[in-house]
Amino acid sequence: MRYAMVIDLSKCVGCNACAEACKIEHGTGFGVKYTRIEEVELGSFPDVKKAYVPLQCMHCEDPECLKVCPTGATYKAEGGVVLIDQDKCSGCKYCMVACPYGARFFYEDKARPKDLPRMDSEEGRKGAVEKCDLCIDRLRVGREPACVEVCPTRARIFGDADDEKSEVHELISSGRAKALKPEHKPSIYYIW
Amino acid sequence: MDMRAFRQKEFGGKVASDLLLSGAGSSMYILYYSLFLDRLNEASPAMILSGFAIVLIGLFFLLSELGRPRNFWRMAKNWRRSWMARGVIFNSLYLLDGLGIALAYALGYEGIIEILGALGLAFAALVLIYPVMLLRDAEDIELWRRAGSSIVILLSALSTGATIISALSLFIQPSVLKVSLEISMALILATLLASSLYSSSLGRAEELEREAKKTFNSILVPYTISLAIYALAIFSSQPSLQGGIALISSFIAIYGSLEFRLNLLGSGLHPPIVKEDLFKK
Amino acid sequence: MSSSSPEIKRVKTTCSICGHNQCGVIVELEGGIVKRILPDREDPMTKGSICPKGIASIQLLYHPDRLKYPLARDGPRGSGKWRRISWDEALDTIAKTLMRIREESGPEAVVMARGTNRGSWIRLFNRFANSFGTPNWTESGGAQCFTPRNFAQRITLGGMALEWPDLENSRTIMVWGANPPATWPPKSRKIIEAKSRGAKLIVVDPVLSNIGSKADIWLPVRPGSDVALALGMINYIIENDLYDEDYVKKYTIGFEELARRASEYSLKKVSEITWVPEERIEEAARLYAENRPSSIVISATFDEIVDTVQIGRAVSILAAITGNVDVKGGNIFPETAGQVSIDTNDFIMIEDLPEEMDRKRLGGDRYPLLGRYLKVNFPMAHYPTVLKAIIEGKPYKVRAMFIMGGNPALAIANSPMAVEALKKVEFLAVADLFMSKTAELADIVLPSASWLEYDGLADSAQATYGHLRIRRKVAQVGEARSDTWIMIELAKRMNLKGFWGSEEEYLDYILKPTGYTFKEFDEAGGIIYHEPEVGKRLKKGFDTPSGKIELYSERLKEWGFDPLPFYREPFESPYSTPELAKDYPFVLTTGRRVPAYFHTAGRNIPGLRDLYPEPSAEINAETARELGIEDGDLVRIETPRGYVIMRAKLTHGIHPRVIGVQHGWEGEANDNRLTDNQRCSEGMGSTTLRGLLCRVRRVAQ
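Protein chains in written order, with the numbering used here: chain A, 1 to 192; chain B, 1001 to 1281; chain C, 2001 to 2701.
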C-alpha cells in the first residue's frame, strides 16, 4: 500500500480552503502551515502566466529528513507516510534544513501577532518540529485527509497508488501526474 | 512570486558558533598535542584542556539551539545514518576524554595521560571532520557538498585553532609563541589561497554562484588583515608585543571564520521546487 | 482525532460567514464541541463549495473576544468603559430612545444602517425602518455594493440576470470585476468545472487574480474605465455583425440608438482609454459573441467606479444584444424556491412609508436613482449625506444611528469623516459579533449570534435561486442572539406594525407557501430546490414598461439622465486631472480582496490571519524595481486625501502604472483613508473606490 495524492493545478484557484482546513484540523500555531499555496508567475505584463501550487510534505520514499534526524523521531509508517514522534524530537531542526520542499515547521511564539490568541492545541508540540502527517489518524479510520475533503474544486485526488483500480494509480502510471523535484521520489504528484 | 531557489532559515548564528568552536577546539588540541607528542610532560595542562573547553562552549551553543534540550541524550540514536547523531557521539567521546585528562592531571595520574591523549587525538580528528560531514548530509543543498566548502571549513578551523594557541601562549606558555605564530600564518595563508582560488573559479551567472562567491569572499578580508598583523609580529622582536599582536590577530581570524560559516549557512540554497516547465503543457 | 474519540454528530446547515453564497455545509461535533466544517457536496446548488472563512468559523465561535452580553457605555464615548446590562434593559433603552427621538424630531432623525448581508434578517431591517417610519435606512455597501448594478439590471433587463450566470451550460464565461475564488465559492467551483468541460474564460480585472490565472484572455482594464471597454466591445460586435439579429429584433428596443452611440467607441479609442491592447479586446468580444452561449459574472466592482449605473447598463446591454439573456448557458433570472420572497416592495413595506418621508430621504434630491422610490429597487439614504447630516445638522439633524453588522468606521469611503460622525451622533446602538472600531464608539452594544448559533433560513437575494436551505443552530455563545430576534424584540417594544411574536413565527410565515412550518421543514430535511426555469421572459415578456429589454431607457430619460450608456473619466485620472497626475502618477484601485477576509472581518481569527498576515498592495514588479522596492517591503501609498502603509506585493500581473490596495484593515492600513466620498456618481451617489490617483514610495522598514 502506498498512499499518494494527485493535485490538478488546472483546478487549484489558490483559495486556501485546504490550508485553512489543515490548520483547523491540527490546531497549528501561527506561521505553521502544513499545507500552503505558492503563487508563481511567468512572463511580464501584459503576457503573464500565473499558477497556484499547493505544497506540503511530500512523504518521499527515501526522505532527506529521515536520514538526517539524529534522534530517529522521524520515521516511516504504513503506506509510506512520514511521521514525527514528537516525544522523541529534540528540536535540532536539521530536518527543516534538509527538506527539499520546505515542508517542516517549528512554532515560535514571537512570530504570532500580539493581538491574536494562542492556540491551546499547540502545547503538546512545543519545542518539536511538525509537518503534514497526511492526517494519518483519519486514514486509519477510513477517512481522507482534511485538505482533500474540503477542496471546493476537487483539485486533490487521494488514494493507494499500489491499487491498480485507483484514480491516483492511473494518473501516476500514465505519466499525466508528475512530481516536483522527482529525484526525491515524493508521493504527492501534480497535473499541469 | 518568481520561481526561485529558497534558502534554509534554521541554522544561523548559534549553529555557526557551534561549528566554529568544535572545529577550532579540536584543531587546537590536534596541533598543540602534535607539538608535544614526544614530550608530553612539557605540555601545558591549560593549553591541552583549552582544546576541550572550547568544544564544550560550542556544545552549549548547540543546546541553546535545541527546541527540546531535554531530548539531547536521544540525539545519538540514529548514528547509523545521521551525521548529526554521529557528531553528538564524537563530541561526547571527545569531551569525556577531556574530562578524563582533567581528572588525571588533577589527581596526578600522569601515566594514563598519554593513553587518553592519544585517544583524544583520534576523537579530535572526528570532531574536526564532523561539521564538514554534517553539512554534506543535506543532499539537496549543493553548495555544502562542494569540495571547496569542505576544504575551507577544515582549513579555517585549523587556522583558527592555531591562532587561539598563539593568542593564549603569551599568558600560558610563551615558549610556543614563535612556533604558533608560524603555524598560524601558514594555515591562514593556506585558507586564503584555497578560498580565493575557489571563489575565482565561480561565475556570476546564477544566484547560487553569486551567493557562493560572496561566501568565499567573506573570509578574505579578515584573514588578510590577520595575516598582515601576524607578519608584523614576526618582524617584531619583543615577546609581549608579539603576544599582544597574536591576540588581536586571533580575534580577527575568529571573526573571519565565523563570518564564513554564517555566510555558508545563510547561502544554503535549495533548488526551486517549482520550475518554468510548470507552465508548459 | 484519535480512534477512541467520542461519536461524531453531523449536522447539515448553511454557512453564512459572508452572507452572499450560503454554501451548504456539514458541521461535525464531537462531544458537543464543533470540530470541523465541511462542504456539503450533495447540495443541489452549491455542490460542495466552501472557503477558508467558513472553515475557520470554529475559531469565530470560540473566540475569546466574542461579545457575550449586552453592554452600555460607562464613560465617555470611545473610552472603552462598559457596563454589562440585561437584554431587557438594552432593548428597552434602544426602543424608548428611538421612539422619543421620533416624537421630538421626526422619524427621519433616526438612521438605520446595516453592513453585511447574512441571512433572512437583511430585508427585515428594511421592513423595520419603513414600519418605524424613517426613510433613512442605508448600508455600508449600499450605493457601493449591489444597489447600483441591481438598479441598472432591473431597468435594462427587468431583473438581476447578471447575478445569475448559468455557468453549468456556458461555453464562454466572462468574469468582469470579480474574483470568485476569493468571494464566490459556488461560482468559482462552477467556472472550474466549466473549464474542464472545455469552456473558455475571459477575465476583466486590472490585476491578474486567482480567477485571472485561469483565463484564456485577460483584459487588464485601467481602473475606472470599464464603461469604455464595454462600449468598445458592443461597438465591435455591432460593426462586425456578431450580434444576434433575431434576438435583438424580438426581445429588445432601442438598438438603432445604441448602435449610433456605440459607434463613438472604436477599438483604437477604447484601447487608448482602457490601456488594454486592441487585439485582446477584439479577441474577447469575438469569443464572447460567437462562442455561445456565454455568461457574465460580475461583482462589487460595478458599484465602485465613477459611473456605477452606466457599467451595469452597458454590460447588461452586451449580454442582451448577443442573445445571452434568459437562455440556457447565458445569464438567467433568479427565482425563489417558493417561499415568501423577502426581496419585494411588499415584504419591506415600502408603501407604508408616506410620500413626504420619501422626499425627506437623505441624499434623495441629489441622487434620485438611489434615494427616491422609483419602484425599481429599494431606495436608501446616501451614506455620505447621512454623515454630513450628523456632523453639520443639514438638511436636518440626524440624532440616532442603529447599526447592525456594519463597521462604517473602517468600511466606507472617507473613514475620518465616518468616525467623526459616529463620535458626534447623539445616540448610537450597534449589534455585532466583536467590539469593532464602530462598536467601540457606541452607547449600547448588542451581541449578535454567528451563523452557527441560530435557526433560520438561507434565503439571501444573491444566492438562493430556486434554492432554500435551512440553517441549524449548533452552539450558543454567551447571551448572543440572532439579528432577526433582535429586530422582532425591538418591534414588539415599539409596537411596530407588520412584525411577529417570535423568530419561529417569522420563519413559519416565510415558509408558509411551501406548506411547511419551520419545524416540519427541519424534519423534512431542510432543503427545497427547483431548477431555474429558463426562457420564461422570452415567452411572457420582460419586467420593463415595454415588456422588452430596454437598450435605450425611456425611464432614465424621464428621470433626467442619459438614456444610453456613455463613458466619462473618473473624477481624478491621468486624463481628467493631468496636473494632479504629475504628483500622483499611479492609478489606484482599492478594495482588493483575499479569500481569508470578508470586508473588515477576519483579522482576529488566528487561522485566517496566518494565510494573509499583513495588509498588502499589488505593485508591478518592474515599477517596483525602478523605485527600489522589494517584495515584502513596507511602502506608503498616498492620495490627495490621505495615506496608507502596506507591504508591497510584487507581481507582473498588473499594469506598470496601476496599484491595487487591499481593503478592510485598520489603522494606517485602512484603504478608506485614500478614498473619496465628496464626489459621487451621477444619479446613484456611489463613492469612488476604484479609479483614483496615488503615489508610492518605500518607507523605513
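None of these hints come from the bench; they were simulated from the model.
Do not take every clue at face value.
Computed footprint of chain B on chain A; a stretch qualifies when at least three of its residues, placed anywhere within it, have a C-beta under 8 Å from a C-beta of chain B [unchecked claim]: (1) 13-24; (2) 70-82; (3) 91-98; (4) 134-148.
Positions of the beta carbon are idealized from the N, C-alpha and C atoms, including for glycine.
These are the hints, each one checked on the structure:
Against chain B, the region 13-24 of chain A contributes 0 residues with a C-beta closer than 8 Å to a partner C-beta. That does not satisfy the three-residue criterion, and the hint is violated. Counting residues of the region 70-82 of chain A whose CB falls under 8 Å from any CB of chain B gives 4; the rule of at least 3 is met. With 7 residues having a Cβ less than 8 Å from any Cβ of chain B, the region 91-98 of chain A passes the three-residue criterion, so the hint holds. Evaluation of the coverage hint for the region 134-148 of chain A: breached, as 0 residues show C-beta separations to chain B shorter than 8 Å, against a requirement of three.
The earlier numbered hints that this structure contradicts are 1, 4.
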